[in-house]
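**Student:** Take a look at the letters that make up each chain.
There are 2 protein chains.
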Amino acid sequence: MNDNEVIELLQSNFSFWEKMNEHDKQTFIRSSQKVCFSKGTNIHNGNDCTGVILIKSGNLRIYMLSDDGKEVTLSRLFAGDMCMLSASCVLDSITFDVLVDAEEDSECVVVGGCAYEDLARRLPEAKIFALETALARFSDVMWVMQQILFMSMDKRLAIFLLDEIAKTGYDTVKLTHEQIAKYMGSAREVVSRMLKYFSTEGLISSSRSEGIKILDKKRLRALTL
Amino acid sequence: MNDNEVIELLQSNFSFWEKMNEHDKQTFIRSSQKVCFSKGTNIHNGNDCTGVILIKSGNLRIYMLSDDGKEVTLSRLFAGDMCMLSASCVLDSITFDVLVDAEEDSECVVVGGCAYEDLARRLPEAKIFALETALARFSDVMWVMQQILFMSMDKRLAIFLLDEIAKTGYDTVKLTHEQIAKYMGSAREVVSRMLKYFSTEGLISSSRSEGIKILDKKRLRALTL
Numbered sequence: 001m002n003d004n005e006v007i008e009l010l011q012s013n014f015s016f017w018e019k020m021n022e023h024d025k026q027t028f029i030r031s032s033q034k035v036c037f038s039k040g041t042n043i044h045n046g047n048d049c050t051g052v053i054l055i056k057s058g059n060l061r062i063y064m065l066s067d068d069g070k071e072v073t074l075s076r077l078f079a080g081d082m083c084m085l086s087a088s089c090v091l092d093s094i095t096f097d098v099l100v101d102a103e104e105d106s107e108c109v110v111v112g113g114c115a116y117e118d119l120a121r122r123l124p125e126a127k128i129f130a131l132e133t134a135l136a137r138f139s140d141v142m143w144v145m146q147q148i149l150f151m152s153m154d155k156r157l158a159i160f161l162l163d164e165i166a167k168t169g170y171d172t173v174k175l176t177h178e179q180i181a182k183y184m185g186s187a188r189e190v191v192s193r194m195l196k197y198f199s200t201e202g203l204i205s206s207s208r209s210e211g212i213k214i215l216d217k218k219r220l221r222a223l224t225l
Numbered sequence: 001m002n003d004n005e006v007i008e009l010l011q012s013n014f015s016f017w018e019k020m021n022e023h024d025k026q027t028f029i030r031s032s033q034k035v036c037f038s039k040g041t042n043i044h045n046g047n048d049c050t051g052v053i054l055i056k057s058g059n060l061r062i063y064m065l066s067d068d069g070k071e072v073t074l075s076r077l078f079a080g081d082m083c084m085l086s087a088s089c090v091l092d093s094i095t096f097d098v099l100v101d102a103e104e105d106s107e108c109v110v111v112g113g114c115a116y117e118d119l120a121r122r123l124p125e126a127k128i129f130a131l132e133t134a135l136a137r138f139s140d141v142m143w144v145m146q147q148i149l150f151m152s153m154d155k156r157l158a159i160f161l162l163d164e165i166a167k168t169g170y171d172t173v174k175l176t177h178e179q180i181a182k183y184m185g186s187a188r189e190v191v192s193r194m195l196k197y198f199s200t201e202g203l204i205s206s207s208r209s210e211g212i213k214i215l216d217k218k219r220l221r222a223l224t225l
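Each protein sequence line maps, in turn, to chains Z and V.
Numbering-wise, our numbering puts 103 at position 103 of the first sequence, and it's gapless, one number per residue.
Numbering-wise, our numbering puts 30 at position 30 of the second sequence, and it's gapless, one number per residue.
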């Protein structure tokens, strides 16, 4: 990614670009950095204002963490998406902390939080953009909450597996039970028990070497209704 | 509440009041209605755009509902608070439904969703106000989620009881186990069991006629740490 690419990315993703004057545009560009995060990197630890993260390629995961290390995935972001919850200084009304990891090698542009905040104070369109982007994650979180609170585990696991294969295009999910539990905010034992049940029902086959192979997509989908 | 009181309430609660021109102010006032909701009324059912609800007195509860009737309280609003999640037409980025009930007899002013939306399209300050008000609820929901997912039940119940007595100023919580369970997104059995445990520990005494009396605030508070 060269500098022109960065400018193009900023232009095409920040809808208020044309509302900025030349000076603001230059400041915005100077405050933006291209960063490559390798798979597994923790990008935002919940405390500092990391800035606004724009994803060019790859995949970020937003999650919350309990004192004893339990994680719940709140949202996954892909190319073209933007992470605003990592720019806490821009959003006064947000009083909680989330963490952000790179799930794959990810090419991103990070816009400095202070520069964005300064702009948002003067340009209502930039403020509205930040608030709307953050609010879209609110809907994600409500969806996660709905699943955790109200859905039975079989339904949740079926949705998770179908989402995974839809995303990768393969019929096999290459995740450990531990990883699946982590993503679903559940316990490994619960996931293993349910996968075993799916397996005896002929919905999937599961092995340590092969991962989880979906055998009957139709019946798995029926579980999600 | 007479018309002048309504206008005063609007003036002092909508921070963008002075940014409106005279015509907009008049339209805003005409679109606002004083409404008294009696205790237990469902004010917003999650579907229609009920409008922006400004609370003059009383107490509203925002909650989510599962297909099988399970409820989880997301937030409680009191005098001076505003409910923006009931104005779905103002907030494009919100894709979930919540319900709103009056928990006490409540005097409110409801601003029509269409009128607000129309204003917000023209006045950035009104748009920013709506987004920020909605985003504040995001923080509430994350707090609820944190409690549900990560905290043990004793801690959650202790927090709930201490919150209740802090709110009412009495040492006794006049709610049934069923109601407490509903507010906490838990089951009555779980609440009853934990209250019994608190009771044998000398933290509270509980009876059908008297309600739940807090006997040892200090030790109860220690549980919340």
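A portion of the hints provided could be inaccurate.
Stated by the list, open to error - Covered stretches of chain Z (in silico footprint by chain V; criterion: 3 or more residues with CB under 8 Å from a CB of chain V, positions within the stretch not fixed):
#, stretch
1, 2 to 13
2, 89 to 96
Claimed, not checked - Label-pair restraints from in silico Cβ distances:
#, chain 1, residue 1, chain 2, residue 2, range
3, V, 193, Z, 211, 49 to 57 Å
4, V, 48, Z, 155, 38 to 46 Å
5, Z, 27, V, 190, 52 to 60 Å
6, V, 167, Z, 89, 51 to 59 Å
7, V, 17, Z, 121, 52 to 60 Å
8, V, 224, Z, 95, 41 to 49 Å
9, Z, 89, V, 155, 45 to 53 Å
10, V, 154, Z, 192, 51 to 59 Å
11, V, 3, Z, 89, 36 to 44 Å
12, Z, 95, V, 47, 26 to 34 Å
13, Z, 27, V, 121, 47 to 55 Å
14, V, 213, Z, 172, 28 to 36 Å
15, Z, 155, V, 124, 36 to 44 Å
16, V, 155, Z, 121, 52 to 60 Å
Keep in mind the hints are simulated off the structure, nothing from the lab.
Note that the Cβ used here is the ideal one computed from N, Cα and C, for glycine as well.
**Student:** All hints are to be evaluated individually against the structure, with a verdict given for each.
**Tutor:** Now the hints, each set against the structure:
With a threshold of 8 Å between beta carbons, the proposed coverage of the stretch 2 to 13 of chain Z by chain V is violated, since 0 of its residues qualify and at least three are required. Coverage of the stretch 89 to 96 of chain Z by chain V holds in this model, with 6 residues showing a Cβ closer than 8 Å to a Cβ of that chain against a need of three. Taken as a hint, the range 49 to 57 Å is violated for the pair residue 193/V and residue 211/Z, whose Cβ atoms sit roughly 40 Å apart. Range check, residue 48/V to residue 155/Z: Cβ separation about 28 Å, and the 38 to 46 Å hint is violated.
The given range of 52 to 60 Å is respected by residue 27/Z and residue 190/V, whose C-beta atoms sit roughly 54 Å from each other. Hint check: residue 167/V to residue 89/Z, Cβ distance near 32 Å, so the stated range 51 to 59 Å is violated. The beta-carbon spacing between residue 17/V and residue 121/Z, approximately 20 Å, falls outside the hinted interval of 52 to 60 Å. For the pair residue 224/V and residue 95/Z, the supplied restraint of 41 to 49 Å is violated, since their beta-carbon distance comes to about 18 Å.
The beta-carbon spacing between residue 89/Z and residue 155/V, approximately 31 Å, falls outside the hinted interval of 45 to 53 Å. About 28 Å separates the C-beta atoms of residue 154/V and residue 192/Z, a value inconsistent with the hinted range of 51 to 59 Å. The hint said 36 to 44 Å for the Cβ distance between residue 3/V and residue 89/Z, and at roughly 42 Å that hint holds. Between residue 95/Z and residue 47/V the beta carbons are some 29 Å apart, a value that agrees with the proposed interval 26 to 34 Å.
With their beta carbons about 29 Å apart, residue 27/Z and residue 121/V fall outside the hinted range of 47 to 55 Å. A hinted range of 28 to 36 Å for the beta carbons of residue 213/V and residue 172/Z is inconsistent with their spacing of about 58 Å. With their beta carbons about 42 Å apart, residue 155/Z and residue 124/V fall inside the hinted range of 36 to 44 Å. At about 39 Å, the CB distance of residue 155/V to residue 121/Z disagrees with the hint of 52 to 60 Å.
Hints 1, 3, 4, 6, 7, 8, 9, 10, 13, 14 and 16, counting from the list given before, are not met by this structure.
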